[in-house]
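**Q** Sequence:
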Amino acid sequence: MLVKVFGELEIIVRPSCGGGSTLPKKGSFVPVTSAKSKSMDERLKALRSLQQLICLAASAVLAFAVTTDRSKDYRAALDELEIFRKVDLKGYPVYVKRQFASQEEANRILLVKAAKQAHLTVRSSMVLSEPIVMDAPPVGAFIRLRDFESFVTARHTVGIYLVNDEREVLAQLTEQLKQKTQQQPVPSTQPASTAPVPLTVTSVYATLGSGMSINDVGIADPVVLQNSPNSESLQFALFNGLPLRPSVNFSVGCTFKPSDNLHLALDWLRSDENGKNLVDPKSGVVFPKLKPFWERIADMGTENATLFLQERIEASTQGSLSLFGVSVDRDLILLAGPAALSALMLFFWLHLRQVNTEASWDEEEVKSGRTYPWIACFRDGLSGTVTYGCLIVLPIGSSILLLFRHGELTENTTWGGVALTLFLIVIGGFTSFAIHRFRGHLRDGETHGESVLSDSAKTN
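Numbered according to the numbering used here, the sequence shown spans residues 1 to 460.
Any given hint could turn out to be false.
[To be verified] Computed list of lysine to aspartate or glutamate pairs in DMTMM-like fashion (alpha-carbon distance at most 20 Å, straight line):
1. K38 - D362
2. K97 - D221
3. K291 - E303
4. K113 - D88
5. K72 - E314
[As the list claims (entries may be wrong)] Pair by pair, the computed Cβ-Cβ distance ranges are:
6. D260 - K282: 19 to 27 Å
7. N227 - A171: 24 to 32 Å
8. T255 - T68: 56 to 64 Å
9. E303 - L332: 28 to 36 Å
10. S231 - D88: 28 to 36 Å
11. R70 - Q235: 36 to 44 Å
12. E82 - A106: 52 to 60 Å
Since the hints were made in silico from the structure, they are not lab data.
Beta carbons: idealized from backbone N, C-alpha and C, even for Gly.
Based on the sequences and whatever the hints tell you, model everything.
**A** What follows is the structure, encoded as structure tokens:
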């Protein structure tokens, strides 16, 4: 037997064996692998390689898309810190004082009445300084976030002392005035026989042990409720025309009037123009935007917390994503991801369209396609579903998810990514149709082959 190979055909020359043998005649040509089948294999190999690239690129984009973007949370926390800078806790005592305006006015009326009964003149602009029993808020330039949050969310005892008895005030005031009158010096310019100048009450100061003043509001620590039971000192500041103004001091019985609201600090924060933005309207949580980072920044002031958040923003926005060995900045991935997927799918569609158009789809090409190790060539329904999923759903879904999770409507890169994703969807539609045609050719070829075999069997 003599075998010669010419190109892609084998020439088999065998001697005749006789006996009705069916062996080919001498010099006959028996094709083993046609040029068309090899050409189909090369085309399918290119399509399979493009599919692998599409899957790799879509997987990289999907991985970035599902990665949590904390930069938005960091920026929201920074905005909340800027609001916190504008909130002044010195406004809290003023707010509390307004809550007890009616009780303070009742004390004022009682003291004015007692002063007039003691034959004193009372100025219409008389100042009454009544201390409020309350916890002093933390003030200063370096308030820790934890201290502020603890103060406004805590339960506070807040109240004011009410003078009990007008007659007690009158008796004490009259007695002190007698002593002052006896000790009052006569001005050198005033004749001895002239009646003394009447005393005028200019202000009244009430004190409860040691206290402090914030924003012109007297504050008494709630500890006075145990250490100074039911009494306060009153000081009547008087005017009689002399440079050295006299005053009378005495203590009177009082009753503590507490507020029924134990969360006045939180109410004040909600009423403040800036502070209301620091409280979640649904849950009532203070610093809702800062809470995700609370363990790291709770013991910091505004400056250190701002520095911490800015460093986190830089760390989350800088860096790169690798696409086929090419490093792409994270802030450009909204453009680079859809652009790469659009280009790859366009190439795939053009290749597949060329296969559908130029192939003759004869028996050998169909056989080569059905036996080629590529999932798009497998004829079962599951393989078809996976083919559409990998080539169409995965890249389009990755691009949409990327824009949804990381896109900002105010950024140009987002709108560029939207345009490229729309282009990708259009190309995906053409590609789906091309895949359907390709798989249809393989099915039609299989049906035709079965029909030929059936006709041959009937003939025999």
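**Q** Going through the numbered hints above, which ones does this structure break? Give me the numbers in ascending order.
**A** 4, 11, 12
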